[in-house]
Amino acid sequence: MSGAERTITAGELAARLNGSLRHCPPDRPISEVRPLEEAVPGSLSFLANPKYAAKAKASEAGLILVDPKADVGDRAVLVVENPYWAFAQSIAWLHPEPAPDWSDTPIHPTATIHGRVSLAPGVTIGARSEIGAGSVIHPGVHIGDDCVMGEGCELFPGVVLYRRTRLGKNVRIHANSSLGSDGYGYVLVGGRHEKVPQVGWVEVGDEVEIGACVTIDRGVLGATRIGPGTKVDNQVQIGHNCQIGSHCLLVSQSGVSGSTKLGDFVTLAGKAGLVGHIEIGARSIIGGASVVAKSLPEGSFVTGYPARPHKEWMESQAALNRLPGVIKKLKS
Amino acid sequence: MSGAERTITAGELAARLNGSLRHCPPDRPISEVRPLEEAVPGSLSFLANPKYAAKAKASEAGLILVDPKADVGDRAVLVVENPYWAFAQSIAWLHPEPAPDWSDTPIHPTATIHGRVSLAPGVTIGARSEIGAGSVIHPGVHIGDDCVMGEGCELFPGVVLYRRTRLGKNVRIHANSSLGSDGYGYVLVGGRHEKVPQVGWVEVGDEVEIGACVTIDRGVLGATRIGPGTKVDNQVQIGHNCQIGSHCLLVSQSGVSGSTKLGDFVTLAGKAGLVGHIEIGARSIIGGASVVAKSLPEGSFVTGYPARPHKEWMESQAALNRLPGVIKKLKS
Amino acid sequence: MSGAERTITAGELAARLNGSLRHCPPDRPISEVRPLEEAVPGSLSFLANPKYAAKAKASEAGLILVDPKADVGDRAVLVVENPYWAFAQSIAWLHPEPAPDWSDTPIHPTATIHGRVSLAPGVTIGARSEIGAGSVIHPGVHIGDDCVMGEGCELFPGVVLYRRTRLGKNVRIHANSSLGSDGYGYVLVGGRHEKVPQVGWVEVGDEVEIGACVTIDRGVLGATRIGPGTKVDNQVQIGHNCQIGSHCLLVSQSGVSGSTKLGDFVTLAGKAGLVGHIEIGARSIIGGASVVAKSLPEGSFVTGYPARPHKEWMESQAALNRLPGVIKKLKS
Chain A
1 MSGAERTITA
11 GELAARLNGS
21 LRHCPPDRPI
31 SEVRPLEEAV
41 PGSLSFLANP
51 KYAAKAKASE
61 AGLILVDPKA
71 DVGDRAVLVV
81 ENPYWAFAQS
91 IAWLHPEPAP
101 DWSDTPIHPT
111 ATIHGRVSLA
121 PGVTIGARSE
131 IGAGSVIHPG
141 VHIGDDCVMG
151 EGCELFPGVV
161 LYRRTRLGKN
171 VRIHANSSLG
181 SDGYGYVLVG
191 GRHEKVPQVG
201 WVEVGDEVEI
211 GACVTIDRGV
221 LGATRIGPGT
231 KVDNQVQIGH
241 NCQIGSHCLL
251 VSQSGVSGST
261 KLGDFVTLAG
271 KAGLVGHIEI
281 GARSIIGGAS
291 VVAKSLPEGS
301 FVTGYPARPH
311 KEWMESQAAL
321 NRLPGVIKKL
331 KS
Chain B
1 MSGAERTITA
11 GELAARLNGS
21 LRHCPPDRPI
31 SEVRPLEEAV
41 PGSLSFLANP
51 KYAAKAKASE
61 AGLILVDPKA
71 DVGDRAVLVV
81 ENPYWAFAQS
91 IAWLHPEPAP
101 DWSDTPIHPT
111 ATIHGRVSLA
121 PGVTIGARSE
131 IGAGSVIHPG
141 VHIGDDCVMG
151 EGCELFPGVV
161 LYRRTRLGKN
171 VRIHANSSLG
181 SDGYGYVLVG
191 GRHEKVPQVG
201 WVEVGDEVEI
211 GACVTIDRGV
221 LGATRIGPGT
231 KVDNQVQIGH
241 NCQIGSHCLL
251 VSQSGVSGST
261 KLGDFVTLAG
271 KAGLVGHIEI
281 GARSIIGGAS
291 VVAKSLPEGS
301 FVTGYPARPH
311 KEWMESQAAL
321 NRLPGVIKKL
331 KS
Chain C
1 MSGAERTITA
11 GELAARLNGS
21 LRHCPPDRPI
31 SEVRPLEEAV
41 PGSLSFLANP
51 KYAAKAKASE
61 AGLILVDPKA
71 DVGDRAVLVV
81 ENPYWAFAQS
91 IAWLHPEPAP
101 DWSDTPIHPT
111 ATIHGRVSLA
121 PGVTIGARSE
131 IGAGSVIHPG
141 VHIGDDCVMG
151 EGCELFPGVV
161 LYRRTRLGKN
171 VRIHANSSLG
181 SDGYGYVLVG
191 GRHEKVPQVG
201 WVEVGDEVEI
211 GACVTIDRGV
221 LGATRIGPGT
231 KVDNQVQIGH
241 NCQIGSHCLL
251 VSQSGVSGST
261 KLGDFVTLAG
271 KAGLVGHIEI
281 GARSIIGGAS
291 VVAKSLPEGS
301 FVTGYPARPH
311 KEWMESQAAL
321 NRLPGVIKKL
331 KS
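Sequence order for the protein chains is A, B and C. The first sequence begins at 1 in the working numbering and counts up one residue at a time. The second sequence begins at 1 in the working numbering and counts up one residue at a time. The third sequence begins at 1 in the working numbering and counts up one residue at a time.
Source of the hints: derived by calculation from the structure; they are not laboratory data. Don't take each hint at face value.
With a straight-line Cα cutoff of 25 Å, these simulated DSS-like cross-link-like pairs (lysine-lysine) come out [unchecked claim]:
| hint | chain 1 | residue 1 | chain 2 | residue 2 |
| --- | --- | --- | --- | --- |
| 1 | C | 328 | A | 328 |
| 2 | B | 331 | A | 328 |
| 3 | A | 328 | C | 311 |
| 4 | B | 331 | C | 329 |
| 5 | A | 328 | C | 331 |
| 6 | B | 195 | B | 261 |
| 7 | C | 294 | C | 311 |
Excised from the complex, chain A in its bound form (with noise of 0.2 Å):
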């Protein structure tokens, strides 16, 4: 997850949020937000829809944000009004972004760059980020701080890799294209879309070549991962904290929304695209410009909008065609 930055104790942030403690001491420090399948004690996570009762009930986090009617027995929790609103905020207290640390020179004066690394003009890299031996890096390339990046990787003209993005060996990324903006994430309050601070990070696979103008946010908290050996073409967009599995293929133009999982070896065609929180299983393979709105099996094959299986979408396709007789017919 993303490391304890700051600490702040479960009293201080129930005086911060107008909210109410219960079954947790005051002095209790809480140093990180997580959710509640990934917490530990002194993490921080929230109960916002009650179907996952039982989650936060089995949950190792030190304090749940929760609403006033949620029951989760006598876990420690703190009681607000809007406990994702409260989850937002407290990402911005314990989680805050650390402005970036510019040098007066493009390479950062405290950066890493290992042997035989081909950096060409207009090039900047952060604070902290070290390059792979061997990687070439083309004009106009931003590495942010806090990256890291394996050996053999090459980066064409305009690549952005945001803070804390990490690189396996022999990756490429084509012109343009983006890792590590953040995902979209707000929350309606009073009628204005407050920001749920992303301060995740993108992490990717040894072997992964990515295309040019493809954007993969960063996770909210932890981080968006692509698997080894998976090709990304161009115009693909990978939502915030979804972890695709190796080898897999994602034909260009296709989009994953935030925290979808891919298994292994699994096709998106052109065009396709998935909602988010769904699990698509290994080997599956999604049709060209389909949408797929549930969780799949391993080794799926379906098309349409929504998706169902191929064979079925082609069958329908063609009833489709015969419909406009077939309703003359039945009229005479």
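Following the hints, complete the assembly by docking chains B and C onto the known chain A.
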């Protein structure tokens, strides 16, 4: 509108366009091009489609480009063979684009950088542009001439603001997005697509966040507008002269064609598409990957292509799944 | 094609690929890789699909990679287990990519800048590249090695031209578009997607305008071509070896998969998608968000997924809206 950049007489326009003036003295000064609805006595408009003849009659335009068959009573007109092409040529004459005013330094000496701005290496800022106090400008951002930004903006690496872009306060724009590119406007003349000059600009309200690799075209004339509090996800496309309301949500890979208007609090789900010149009522929701070809009243919820009420679309897709079986039964 | 960059004998190829030569002297020189149709006596081709056996028999290729079951008569062949993978490896050997030839200065000393070029700060131009007279190059444009541009071009901020891109006269390319990225070509070998090297280039005709965040991949071998007078809107994707005709209109967020050919004056409406290896006849119109999976004759007008004649698609969608009612009636 674009402001009076040059003045020409009606007679000179007639000579250049090989047209004939009616009800107009040849020495009438014309100093700008405007749509019929927004025209003033010193401006030139055009009527290409007879269904807008009433608008032409009601317009305050000093001169209207019309074809020989047009009937607009005793309004001052310039009769030409192809009014739209004449309009395009007139934009070029009356609103000439100045050459970029580059200096030897990346930050133009006439630019104004207000207090507490954090400016990265590798940034270029054009002539007469103004950067609001407390803004953060990342490496490789390119700000054109005559741009204005409010306080507290953050532009991530590779963001491009074309000439005359205006940003409100606390606007965040993610990597490699571009505001102010030319809209897609051509007129077919003699077997070639001749360009309709695009001389407008982009205006973005306070508290807007724009994702990575977003493209927003400037207006043909006047502004493309994004209302305050609106959030635009990665890889969204917004065409020339669109008017996007306040507090809208435009999810990843959605697209809005030219001159379309969105009311406040409209949501476009991922990959949704809107044709040009329509109006979407406030608080409407457009389903994912749906295509909207007609204006919609407030509070609509539509899905599919062509988009229909969401419930009807769900029913028709369920029926479609059963169709092959129904046809088989009908046969036997 | 890519030009003779290296020469190797048929016998050495056989040794490296662990294959066996038939009807071919081991000292035959091979100096380039070409498709069957364009092969010459000094070139290597491949036959991966038995349905193209006739093409292989008719080809002038000096040597053809085939699998053990292929029957191409007495043509000179190199029998290997996986001809496509052997082809990919041979490209790497015969058409090695030179390392980028960066100098200490952003404008390489061997680049040629013709008269009246307006060059912004922060531009990089590669070795041996040529900028046509009167061109305007905005900040942060990156032009690779061995590029050629005609007169009067304008490249907006962040445009990237990969190595060997060729632009005609009066070409305009908007912000953050990229020409010449690698096409999406892989071959599955032992559970990994091995890269098919992409060593071709992009050629753009006179008077072409390209929007913002457009991606055009270079050919695997040879050129991806955009014909003169064609206009490409924002966020369009064009795959490797596509041949786009003259005076076409490719509207925003449309995509063309590899090796597909468009005749002249073809229109792709917004978000349209074409699969690879098909031909679209001149003056065809592809409706918005439609997917075309088969070649189309001249003057087609199709819509939907799969795309069908526009009128039929309209009728079937109208019938679909009535389907739930029809099924209800049939039941009662």
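Hints, verified against the model:
1. Distance check on the hinted pair: residue 328 (chain C) and residue 328 (chain A) sit about 16 Å apart at the alpha-carbon level, within 25 Å; holds.
2. A hinted pair counts as satisfied when its Cα atoms are at most 25 Å apart, and residue 331 (chain B) with residue 328 (chain A) qualifies at roughly 14 Å.
3. For the proposed pair residue 328 (chain A) and residue 311 (chain C), the alpha carbon gap of about 16 Å is at most 25 Å, so the pair holds.
4. Proximity of residue 331 (chain B) to residue 329 (chain C) is assessed by CA-CA distance (about 17 Å); at most 25 Å being required, the pair is judged to hold.
5. About 18 Å separates the Cα atoms of residue 328 (chain A) and residue 331 (chain C), which keeps this hinted pair within 25 Å; it holds.
6. Between residue 195 (chain B) and residue 261 (chain B) the CA atoms are separated by roughly 24 Å; this keeps the pair inside 25 Å, and the hint holds.
7. With a CA separation close to 18 Å, the supplied pair residue 294 (chain C) and residue 311 (chain C) stays within the 25 Å bound.
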